[in-house]
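Here the protein sequences line up with chains S and X, keeping their order.
Per our numbering, residue -1 is the first one in the first sequence, and the count goes up by one each step.
Per our numbering, residue -1 is the first one in the second sequence, and the count goes up by one each step.
Just so you know, these hints were derived from the structure itself, not from any lab.
Among the hints, a few may not be true.
A pair counts as met if it fits within one copy or between any two copies, since identical chains are not told apart.
[To be verified] Here are the computed lysine to aspartate or glutamate pairs in the DMTMM-like style, where the Cα-Cα straight-line distance is at most 25 angstroms:
{"id": "1", "residue 1": "K208", "residue 2": "D56"}
{"id": "2", "residue 1": "K88", "residue 2": "D198"}
{"id": "3", "residue 1": "K88", "residue 2": "E152"}
{"id": "4", "residue 1": "K55", "residue 2": "E207"}
{"id": "5", "residue 1": "K15", "residue 2": "E158"}
{"id": "6", "residue 1": "K55", "residue 2": "E6"}
{"id": "7", "residue 1": "K55", "residue 2": "D181"}
{"id": "8", "residue 1": "K15", "residue 2": "E27"}
Number of protein chains: 2
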Amino acid sequence: MTVKERREREKLETREKILDAARELFLTEGYDGVSMRQVAERIDYSPTAIYVHFADKDELFRELVHADFARLAGVFQDAANLSDPVERIKRVGFAYIEFGRRYPNHYKLMFMTECPLTGLDEVDCELKGNPELDAYAFLKHSVQQAIDAGVFREELRDAELLSQTLWAAVHGVISLNIAKHSDAWVAWRPLEQRAQLTLDAILRGLLKEKS
Amino acid sequence: MTVKERREREKLETREKILDAARELFLTEGYDGVSMRQVAERIDYSPTAIYVHFADKDELFRELVHADFARLAGVFQDAANLSDPVERIKRVGFAYIEFGRRYPNHYKLMFMTECPLTGLDEVDCELKGNPELDAYAFLKHSVQQAIDAGVFREELRDAELLSQTLWAAVHGVISLNIAKHSDAWVAWRPLEQRAQLTLDAILRGLLKEKS
DNA sequence: AGCGTTAACTTAACATCGTTAACTTAGTGA
DNA sequence: TCACTAAGTTAACGATGTTAAGTTAACGCT
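Sequences are here, hints too, so could you generate the full structure?
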């Protein structure tokens, strides 16, 4: 049986080689900017060899996105230790924006394009709902804690709605930065400044006013 | 001279036919989902005929985007009459979101993709800086008025930064809706509700607290 | 030891894409 | 009448994602 194991390991290794090459290319060139032939050439395989390991270009890319989702979740680990839920929400927001700044192409694929994921793959089921892995669930969890702590305004009790609103706010900052930062007709303020003000303002607007 | 005029008009007419066919296709299929050949077939021309009127696919699409920018600006005309700058900002935000809901593919191209526009075409120069046409400038104008009226918190005096923050907030709502609304792992609240809360919260967080 | 099977991988090819070059062709102005 | 202009066509190029048919080497079984 050790033989079959080795073969399996070898296959996984070339699979990993494909993923590495694809990651490097996608990161700098974006989805449309890289072809299967380029990926193949980079690891000295024929273009069609990729199809042994991945059904199509989409699946190859999705695999990378999956890995990066985990990386995104990892960034939240730091925030997880904060006991103040509001502080935690803030930290999650900044981490999210920083993630988008560091991996714009991955961010683009994850959050700025419609992908016919149709959800509910077995892998997704593992991820979704687990606060340590699922960014949205983690945010929602913190929001719920904040609600329970009574820090949000009285009429705001829907954790789902609050989470979606907070998410949209930080997503707006980073996605607009990715898509339009090179447009010279806007005198862009530094990203940090915009992130700071957005999080500050949206939270100030959602929380009870300090008396 | 009437002859040359007629020829010119005829050319403009087929140009318009191309634009109409392209608009219809792009609107439903998105940028990558439509080919020059499809556009051509729809108006019974050969694919290359399009290149008589447009340099390439990009220019064809950009032309549509230009027209839709004007349409977007037109939506703001209603808001222009409001004397209260804060109310005007709110109205602009809702109009912006409504525009994205109505023309998601155009919105995607306008605000969710990097386009190497590099700005400063002659047409762009007409648009930029004119509050009636340029959405961002219009927003900034209203923000400046609001600053002058002393409704924002004392430390917030940068109209550019405030505009960018407000823009990002509404952009976050509509762009996330476009990209991720079909993802079933989020129990999405109605778009109207999210838009309402976002604008309400961000403004509440930026304005002076009512005493 | 020999042989059929499996499966990773290659070669060749297909349909489609955006785009260019070379042509047709109809109408214009002199 | 004739050269010219310019809208439009046909044919083709290189590149794309992907499939079908082969190759080949290692494995498991008798």
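### Task
State whether the alpha carbon distance between K55 and E6 is at most 25 angstroms within one copy, between copies, both, or neither.
Within one copy, since 22 angstroms is at most 25 angstroms while 45 angstroms is not.
### Task
Tell me, please, which holds for K55 and D181 at an alpha-carbon limit of 25 angstroms: within, between, both or neither?
between (30 angstroms within a copy, 20 angstroms between copies)
### Task
State whether the alpha carbon distance between K88 and E152 is at most 25 angstroms within one copy, between copies, both, or neither.
both (20 angstroms within a copy, 23 angstroms between copies)
### Query
Is it within, between, both or neither when you check K208 against D56 at 25 angstroms Cα-Cα?
neither (49 angstroms within a copy, 52 angstroms between copies)
### Identical-chain pair category, K55 with E207, by Cα at 25 angstroms
neither (50 angstroms within a copy, 52 angstroms between copies)
### Task
Pop the pair K88 and D198 into one bin, within, between, both or neither, using alpha-carbon distances up to 25 angstroms.
Result: close both inside a copy and across copies, 8 angstroms intra and 19 angstroms inter.
### Task
Evaluate K15 and E158 at a C-alpha cut-off of 25 angstroms and name the case that applies: within, between, both or neither.
neither (40 angstroms within a copy, 46 angstroms between copies)
### Query
For K15 vs E27, is the C-alpha pair at or below 25 angstroms within one copy, between two copies, both, or neither?
within (18 angstroms within a copy, 34 angstroms between copies)
Violation of the numbered hints given earlier is confined to hints 1, 4 and 5; the remaining hints are satisfied by the structure.
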